[in-house]
Structures are given as C-alpha cells and as structure tokens.
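**Student:** Top line first, the protein sequences correspond to chains A and B. Heads up: the first sequence is residues 1 to 385, going by the working numbering. Heads up: the second sequence is residues 1001 to 1298, going by the working numbering.
Source of the hints: derived by calculation from the structure; they are not laboratory data. Mixed in with the good hints there might be a few duds.
What the hints assert, rightly or not - Between beta-carbon pairs, the in silico distance windows are:
hint : chain 1 : residue 1 : chain 2 : residue 2 : range
1    : A       : Glu112    : B       : Ile1073   : 56 to 66 Å
2    : A       : Asp61     : B       : Pro1143   : 52 to 62 Å
3    : A       : Ser373    : B       : Gly1163   : 57 to 67 Å
4    : B       : Pro1143   : A       : Asp219    : 35 to 45 Å
5    : B       : Ala1025   : A       : Trp126    : 55 to 65 Å
6    : B       : Thr1114   : A       : Lys232    : 52 to 62 Å
7    : B       : Gly1055   : A       : Ala91     : 17 to 27 Å
8    : B       : Ile1128   : A       : Ser373    : 27 to 37 Å
9    : B       : Gly1055   : A       : Pro182    : 49 to 59 Å
10   : A       : Gln206    : B       : Gln1036   : 50 to 60 Å
11   : B       : Gly1055   : A       : Ser373    : 14 to 24 Å
12   : B       : Ala1090   : A       : Pro354    : 55 to 65 Å
This structure is a prediction, so every number in the text was calculated from the model and none was measured. Ideal placement from N, C-alpha and C gives every residue a C-beta, glycine not left out.
Take a look at the letters that make up each chain.
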Amino acid sequence: MSTPDRTPIQHIAKAFTRRLLLKGAAAAGSVAAVGPWMLREGHAASGSVRVFSWAGYISPDMLADFTAKTGVKATLTEYGTNDELLNQLKATGGAGFDVIHPTVDRVPNYVEAELVQPLDESKVKWDGCIASAVGGSAGMGGVVGGKRYFAPADWGTEALAYDQTKAPLKYGEAGYGDLWKPEYAGKVTVRGHSGLIGIALWLESQGKLPHPVRDQFKDEAKARANFDAILKVAAASKRSVGQFWTNENEAQGAFRTNGCVIGQTWDSTAVALRKENLPVRFVAPKEGALAWMEGFAIPKKAENVENAYAWINWFYTPQAGALYTNHSGISSTSKGAEAHLSDLNKQFFADAYPGDALTKLWWWPIQEAWYVSIRNEYQDRFLAA
Amino acid sequence: MRAVLEPALRRYGAPLTVTLLVMSAAWVLLMIALPQLLMVDYSLRPMLPPSKLGGPEDVHTLRNYGTLWSNAIHLGIFLKTVWGSALVTAVTLALSYPMAFYLAQVAPKRKLPTLVLMLVVPFWINEILRTFAWYIILAYNGPLNALLVGLGVWAEPVRLLGGDGGVIAGMVYVYVLFMVLPIYNAIETLDRHQIEAAHDLGAGWIAIHRRIVVPHAKPGIAVGCIMTFMLAAGSYAVPALLGGPQSRWFTEIIYNWFFEGGNWNQGAAYAFILLVLCVGFILLMMRLFRVGLTDIAR
C-alpha cells in the first residue's frame, strides 16, 4: 500500500475540516462558518483523491483525463481480488483510500465490517449512469438497510475463453461442460470458487443438482448439499486443469505462457489477449454467462470525500466511460459511452453475446460472509483433491 | 547479567550503556514482542464482525488451533511443508558444502573476490523477480521447454511448473547464499595445516571431511540449515509462483485465511503454529549438531 503524499495544502485542508467539525454544532447557521467552508471547497478542488481499484482497470490516460477535467490529482493503487480489497481495508479500519471499486454482491460484507460510508445521493450525478444499473444494483447488494453505499461503474462476465484454432466453440452449443471434455485435458484454466459454480450450472441444466444454484447462496444446508455434489464432479475432472487462476495476471498467463487453450475467465482477460493478436475469443455458455456489476464506494475514513464524488461524477461522462471500456474491455455503465468505443471492443461484445445471450446472463447473488467461508472451504477441497 | 554489564559500562560509560540498553529493549518490545503478542491474542479469539466485538461471544478459546487437527487437507499440507523445507535444506546443504569448502580452502586467494561476486550478483535482484525469472524459464511455452523440444528430448512441451520440482529448484536457488556464507565463514577459520597433517597421516578425503572439516564447520552448517529451513518454511512467493494446487505450502494456507477466507483469527493461529514449528526445528538442529547459542552468535 502506498502512503499518500502529505502536501502542506492537505494539512491545511485537514485542519480546516477538524476545526469545522469542532465548531460545527456551536456555529451552525453563523455567517462566520461560511469562510472556512468556502476555503475548504477551494482546497478540495485542487486536492487529491486516492483510488483503490482492480489491476488493469484504470489506465494512466484516465488518470490524466480526470486531472485535466477536475483539477484533482488522482493516485491509483491496484488489487487482484475482491477479498484482497476487503481485507486490506479491514487492516486499516476503512482508512487509506477515498474511492474503492468492489463488486456489488460483496458490498454487504463491507457494511457488516463497518468499512464504508453511505453515499450522499444528492452529490452523485445519477443522470450520467444507465438507469437500470442504478435501479438493479439496489437489490444486488448496493443498498443495505435502506442506505445506498454503491454507485455502479461497470459490468462484465465470467464465461468461456477459448483458443479459436485449438478449441473452437460456437454460441448455443458451448456450455460450462465443454471445459471438462477429454480432448482439453491438462489445458484448461479456471478459478477455484467460480469454477465450482460453472460446474453447478452445468449440473443444474442436466437436473443433477440437489437444489437450485440460487438457493445455495441463501441457506447453509443447501449450500453444503450442493457443494458436495459439485465437488464430486470437480474432483473427478481436476486432472483437466492445467492452471488455476486467482487474478487477471494469472488468467492471462495461463493462455499466454502456460499452454492453456480453454478456460472460464473474465471478459477482460480475453480482451487483453485478443488485443495482443492472440487467437483467443470469448463466448457466453448456453447456461448463461456469470455476470457481475462493480462500482464505487467510499470508505468510512476517506479523507477527500468531495473528491471521491468528483471521481464518480467524472466517471459518469460518456468520454470517461469509453476510455474505461476501451482500456479494460469491460462495459461501463456510463450513459452514452458506447458511441465512443473502439472497433475491437464493439466486435468483442458482439462475439461474446450473440442471440439471446444478454437475456440469459446469470447475475451473481449476494455473497454473505457465512457463504464466503463455505465457498472458501470447498475451494480448498477442490484445490487439494 | 553482571558479567555483561560491567565490561559494557567500562567501555562505553553509563549514559551510552543505558541508551544502548533502552534502544535494544525498545526494538525487541516494539518490533518483535508486541506484534507476536497481538497475533497470539488474535489467534485465541473467534472471528466476529465489529458490532459483536467485546460482546458475550468475544471470549478466549483454543478452537482456532483445533481447526488444523480436524482439517485433514491443512494438516497434510502442514506436514508436507515441514518435509519439503527439510528437503530444500538438505539439497541446499549438499550443493553449498562443496562450494563453501572450495571457496574457503581450495580457491586461490586472488580468484576469491570474483567467485564471491558471482555468487552474490543474483542477490542484487529482489527475490520475487528472481522467482519470476524461474517462472519464465520453466513455463510451458518457456525457453527450457523450447530447448528440450528443439533437441528432440520431448516431442511436446511438458508442464514443469505447478509441481514440487519447480518449487524445490526455485527455493534452492533463492536460498543457496544463506547456506554458503555461514559455512564458508566457519571453514575459513580452519587451519590448512590440519588438513595437510591428516592427509600426511594417511586419511582419505572422506575421513578428512568427516573427522576434521565437518566438526569444525558445525556452527556454520547449523546456522545455514536453520536459516534455509526457516526461509523455506516461511516462503510465500516461490510456492505461489512456481507451484500449483498439488504443491501448496502452509504459508499459502495462512495467506488464504487472511485474504480469501477473511478469517484473521484462524490465520493467526496457523501462523503461530508455523512459528512454533520453526523454533522447534532450530532447537532440534542445535541438539543434533551439539551447538549452543554462543557458538552460533560467534
């Protein structure tokens, strides 16, 4: 974790904040309070914001564009998994960053651990975000206890990445079960815990799972019954796995240097490899691609809250959204971004979700802390099988 | 205590002695004792969300330690880590002893700086980068596979990463210096004449090493083994990069408790068990080689 630059301006800005807090109650409504308030605003606009986001998501161009448009300096720190973000933040009690970039289904974890603060909805320019993303995120974990903690930024999927010369797939026929075909033995890459869910959807489509997949996220007994059935298949198929991945770099490495020809990966992995002119393509399986939504939240002890809102509102412009998608290959929820997309990204999207693929997306249910620990336990057993 | 304090007082005077003592005590307390105590405290409590901290469920328990004994997978990995680290130590010793002996007794003095430099140069690079270099060398599409396929040794690339072989090779490479230098230091103080005398009296090379060089080098060997074993048992980067699910190291399980499972208390218990293992190993090695703490500090 990088330590933030402590410029004199920041110190002054902080001092004003504290003084303001102390005076707050006593001087409410007093004209004198306007002075420091205005000054603080002035400093905030030329201050900084510390962004903690996924590795490979935010490009230097984006940081430069943000600074050019708002006058705020942005520093970026990266992480590789949701759990890395959650536990880094736990270590500091929610300090060290002004904006974080969690997945919506994990936001309740942060609220339970008291690491994030509710958003002041009047400060967010919601017009810049696709309305269905804002509305939909509420029931997916973005709103907890009636308070909104989450501003959607992007959505993407985990589906089938394949080498089109060595393991060609076709939409409508390809499914999660294709990963475990004997001809790909030793050349498959999956992530431990989501690989298990891929197998779950495959089993469910054949009617071989004790309970519907969605139910295992709500009930511990059903989760265990399902996972036991999934693990049996997973353990028998494990020989097929050439490499397990846990983060973006490892998933790309599986195809680039480690001889894998098919895998269950994020869309961003396949875009990055396609950009390098590798013959890797990406398609939604017939059971439905695993879809997730990510967005911005503000940690409890953020120091530059105003700038955090500036970051979110900058992101909700078509240009920023397009910069993001063109760099990462992940669809931003910024309204109007699609008009600025590169040809490669347009083509990638069309290839990945032909026909009815978009209506079949399988959105990740909320993953509560008890579920995450069961998930971790079975992932362990899968890895050790 | 008196025996230590009096010479110090004579040499440095009271103010400097007190300053030195206070500084050392602060270092030991703040940097070593307190973090360990915090970890022990963590390991003895259940994992709870902040709202339940200090509540009726927040009690001391040994449950986190029990988890290891009831989880066959983790216990297996724990034992494998002990065995793997011992293997790494043995291989490193087998490689380092001849090197150290050559450097200390055989190599001409004017060549010594060049040889030591050659040993040290790789260590100017960070351990993670050195491990990544091995990752590239051993990769499926990497240079080693390309060479062996090109030479016709293999018809098709072989997966060299993800097994025990890669992990052990990587660790031996990364830790070889921690074994060579202490042994070199120990052998260097051995008077050449002893070896020559033994030789003149008709001792073979094996007997010379067994009865003269090894006994003399014992403290160095013990220090090298202790360092290598502890570094190997506590290594995270090497097994994470060069290993796979079948060659998981206990440190990866600890990392997993902290960063995937989110159960720090459980992770702290596992970490403490690893610490106890390392201390136990050190005591065993010292017993085995019959070296005392003073020999090592020499």
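**Student:** All hints, please: hold or fail.
**Tutor:** Here is what the structure says about each hint:
{"no.": "1", "hint": "Glu112/A / Ile1073/B: 56 to 66 Å", "verdict": "violated, 28 Å"}
{"no.": "2", "hint": "Asp61/A / Pro1143/B: 52 to 62 Å", "verdict": "violated, 34 Å"}
{"no.": "3", "hint": "Ser373/A / Gly1163/B: 57 to 67 Å", "verdict": "violated, 29 Å"}
{"no.": "4", "hint": "Pro1143/B / Asp219/A: 35 to 45 Å", "verdict": "violated, 51 Å"}
{"no.": "5", "hint": "Ala1025/B / Trp126/A: 55 to 65 Å", "verdict": "holds, 58 Å"}
{"no.": "6", "hint": "Thr1114/B / Lys232/A: 52 to 62 Å", "verdict": "holds, 60 Å"}
{"no.": "7", "hint": "Gly1055/B / Ala91/A: 17 to 27 Å", "verdict": "holds, 22 Å"}
{"no.": "8", "hint": "Ile1128/B / Ser373/A: 27 to 37 Å", "verdict": "holds, 29 Å"}
{"no.": "9", "hint": "Gly1055/B / Pro182/A: 49 to 59 Å", "verdict": "holds, 54 Å"}
{"no.": "10", "hint": "Gln206/A / Gln1036/B: 50 to 60 Å", "verdict": "holds, 52 Å"}
{"no.": "11", "hint": "Gly1055/B / Ser373/A: 14 to 24 Å", "verdict": "holds, 20 Å"}
{"no.": "12", "hint": "Ala1090/B / Pro354/A: 55 to 65 Å", "verdict": "holds, 57 Å"}
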